[in-house]
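Asker: First to last, the sequence lines map onto chains A and B.
Under numbering that gives the first Met the number 0, read the first sequence as residues 0 to 166, first letter to last.
Under numbering that gives the first Met the number 0, read the second sequence as residues 0 to 157, first letter to last.
Take these hints with a grain of salt, some might be off.
Calculated lysine-lysine pairs in the DSBU-like style (CA-CA distance at most 30 Å, straight line) [said to hold, decoys possible]:
id : chain 1 : residue 1 : chain 2 : residue 2
1  : B       : Lys109    : B       : Lys8
2  : B       : Lys154    : A       : Lys110
3  : B       : Lys154    : B       : Lys8
4  : A       : Lys164    : B       : Lys54
5  : B       : Lys54     : A       : Lys163
6  : B       : Lys127    : B       : Lys154
7  : B       : Lys105    : B       : Lys154
8  : B       : Lys127    : A       : Lys14
9  : B       : Lys152    : B       : Lys127
10 : B       : Lys109    : B       : Lys54
11 : A       : Lys110    : A       : Lys14
From the structure, some residues in chain A lie toward chain B, with a derived Cβ separation under 7 Å [said to hold, decoys possible]:
id : residue
12 : Leu51
13 : Thr53
14 : Ala57
15 : Thr59
16 : Glu91
17 : Arg100
18 : Thr106
19 : Ala126
20 : Gly134
21 : Ala139
22 : Pro144
23 : Ala145
24 : Ala153
25 : Ser155
26 : Leu156
In short, the hints are calculated from the structure, not lab data.
For each residue, glycine too, the CB sits at the ideal point set by N, CA and C.
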Amino acid sequence: MTARQFAVASAADIKWITNSAALLRRRLRYNTSEARWWGFVRLLTEAIGLPLKTAADAATALFVARQSSMHVTIGADPSQSASIVVDLARYESIFLGNLSRARVHETPKRKGRPPRVVAGRQALSSAHRYGIDIGLIQSAVARTPAERLAMLEANSLFLREMRKKSA
Amino acid sequence: MLGGLITSKVRFVVVGGLAAAAHGSSRVTNDLDICYDALDDDNLVALARLLARWKGYPRGIDPGLPFIMDDRTLRGAPILTLTSTEGDIDVMDRIAGVGPYADVRKHSEKIAALGVSFRVLDLPSLIKAKRAAGRPRDFEHLPELEALLALSKRKSAT
């Protein structure tokens, strides 16, 4: 997991994570369980307004108690008149959604300057040099969107059938 | 999938690979990427209900983990990459390089295809989104999209 994927999975800014880790003196490890923990700390500090240290303690307590119930009380006053109850199933759903996005969408970015892609009049010769079949593009432009998407559907059906046969 | 979204009255714009194919890209795509109106509560509920009916589950995650697909989850995680009974679908409330749904809709055009009528992101905005995403696979797609844009402009000029 990269730092960017970790930030997306925990729905937090990477700078906030780095600074908070320094304040809590917690070593940063870019893995799933840490992303889940940081995501919950972020939720408690941002949405509930708990101080960072309290949120971190609550998150640790939550993930220790998580086996027993899907609704966990992570803090209460001595009289039990006020408490914070966590719907763990809900948090897990949101976390899994963010984790999936981190894995599928946030693939590592290209390092350094992005490649120069020529736009405008030179775009065709540039695409040709890149290895694009210009004839294919010209015939695609001559079709209507409906015809293009019908072709896409036929091509993707063909590929699915081929994959099924080879499996 | 498009038919289901339209029948359920979800307000959305098609982005990504299918939008590129609608503009003439020869790349084959198997998933549907949509940008939805997240400011409209009814729209959020309609989309979440549909995704739940399709048994939407996060892609790339071990199966069987607890996942509640409803509007509250969509509010907590507005960008979801899902696998479903109907196929893979990515839903997002904004597009990098373009903006939230309102801006995406402004830069979209209506097309009739596959037996339904729907909106797709226009080609210049699709190029902006690919540039903003900054992933190698997006950059690899750019020369073809730029060539398509040049040819489309030439065609409309004649």
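Asker: All hints are to be evaluated individually against the structure, with a verdict given for each.
Answerer: We went through each hint and held it up to the structure:
1. In summary, the hint linking lysine 109(B) to lysine 8(B) is supported, as the alpha carbons are separated by about 16 Å, within the 30 Å threshold.
2. Distance restraint check for lysine 154(B) and lysine 110(A): the Cα-Cα separation of roughly 36 Å exceeds the 30 Å cut-off, and the hinted pair is therefore not satisfied.
3. Between lysine 154(B) and lysine 8(B) the CA atoms are separated by roughly 34 Å; this puts the pair beyond 30 Å, and the hint is violated.
4. Of the supplied pair hints, the one linking lysine 164(A) and lysine 54(B) holds, its CA atoms being roughly 26 Å apart against a limit of 30 Å.
5. Restraint check: the Cα-Cα separation between lysine 54(B) and lysine 163(A) comes to about 22 Å, which is no more than 30 Å; the hinted pair holds.
6. Taking the CA atoms of lysine 127(B) and lysine 154(B), the gap is about 21 Å. The hint holds against a cut of 30 Å.
7. As the CA atoms of lysine 105(B) and lysine 154(B) are separated by approximately 23 Å, the hinted pair is consistent with the 30 Å bound.
8. A C-alpha spacing of about 26 Å is found between lysine 127(B) and lysine 14(A), which places the hinted pair at or below 30 Å, so the restraint holds.
9. A C-alpha spacing of about 17 Å is found between lysine 152(B) and lysine 127(B), which places the hinted pair at or below 30 Å, so the restraint holds.
10. For a cut-off of 30 Å, the pair hint linking lysine 109(B) to lysine 54(B) stands: about 28 Å separates their Cα positions.
11. A C-alpha spacing of about 20 Å is found between lysine 110(A) and lysine 14(A), which places the hinted pair at or below 30 Å, so the restraint holds.
12. About 21 Å separates the beta-carbon of leucine 51(A) from the nearest beta-carbon of chain B, more than 7 Å, and the hint is not met.
13. With 7 Å as the threshold, the beta carbon of threonine 53(A) stays out of range of chain B, its nearest partner Cβ sitting at about 22 Å, so the hint is violated.
14. A distance limit of 7 Å between C-beta atoms decides the matter here; for alanine 57(A) the minimum to chain B is near 18 Å, and the interface restraint is violated.
15. The criterion of a C-beta within 7 Å of any C-beta in chain B is not met by threonine 59(A), whose closest approach is roughly 21 Å, and the hint is violated.
16. Interface restraint check for glutamate 91(A): the shortest CB-CB distance to chain B comes to about 5 Å, inside 7 Å, so the restraint holds.
17. Satisfaction of the interface hint for arginine 100(A) is found here, the shortest Cβ-Cβ separation to chain B being roughly 5 Å, below the 7 Å cut-off.
18. Interface hint status for threonine 106(A): upheld, as the beta-carbon distance to the closest one in chain B is roughly 5 Å, under 7 Å.
19. Restraint check, alanine 126(A) versus chain B: the minimum CB separation of about 4 Å is within 7 Å; hint holds.
20. With its C-beta approaching chain B no nearer than about 11 Å, glycine 134(A) sits outside the 7 Å limit, and its interface hint is violated.
21. A distance limit of 7 Å between C-beta atoms decides the matter here; for alanine 139(A) the minimum to chain B is near 4 Å, and the interface restraint holds.
22. Checking proline 144(A) against chain B by beta carbon gives a least distance of about 4 Å; that is within 7 Å, so the hint holds.
23. Look at alanine 145(A): its Cβ gets to within about 4 Å of chain B, closer than 7 Å, so that hint holds up.
24. Among the interface hints, the one on alanine 153(A) is violated; its C-beta lies about 10 Å from the nearest C-beta in chain B, farther than the 7 Å criterion.
25. A distance limit of 7 Å between C-beta atoms decides the matter here; for serine 155(A) the minimum to chain B is near 5 Å, and the interface restraint holds.
26. Among the interface hints, the one on leucine 156(A) is violated; its C-beta lies about 10 Å from the nearest C-beta in chain B, farther than the 7 Å criterion.
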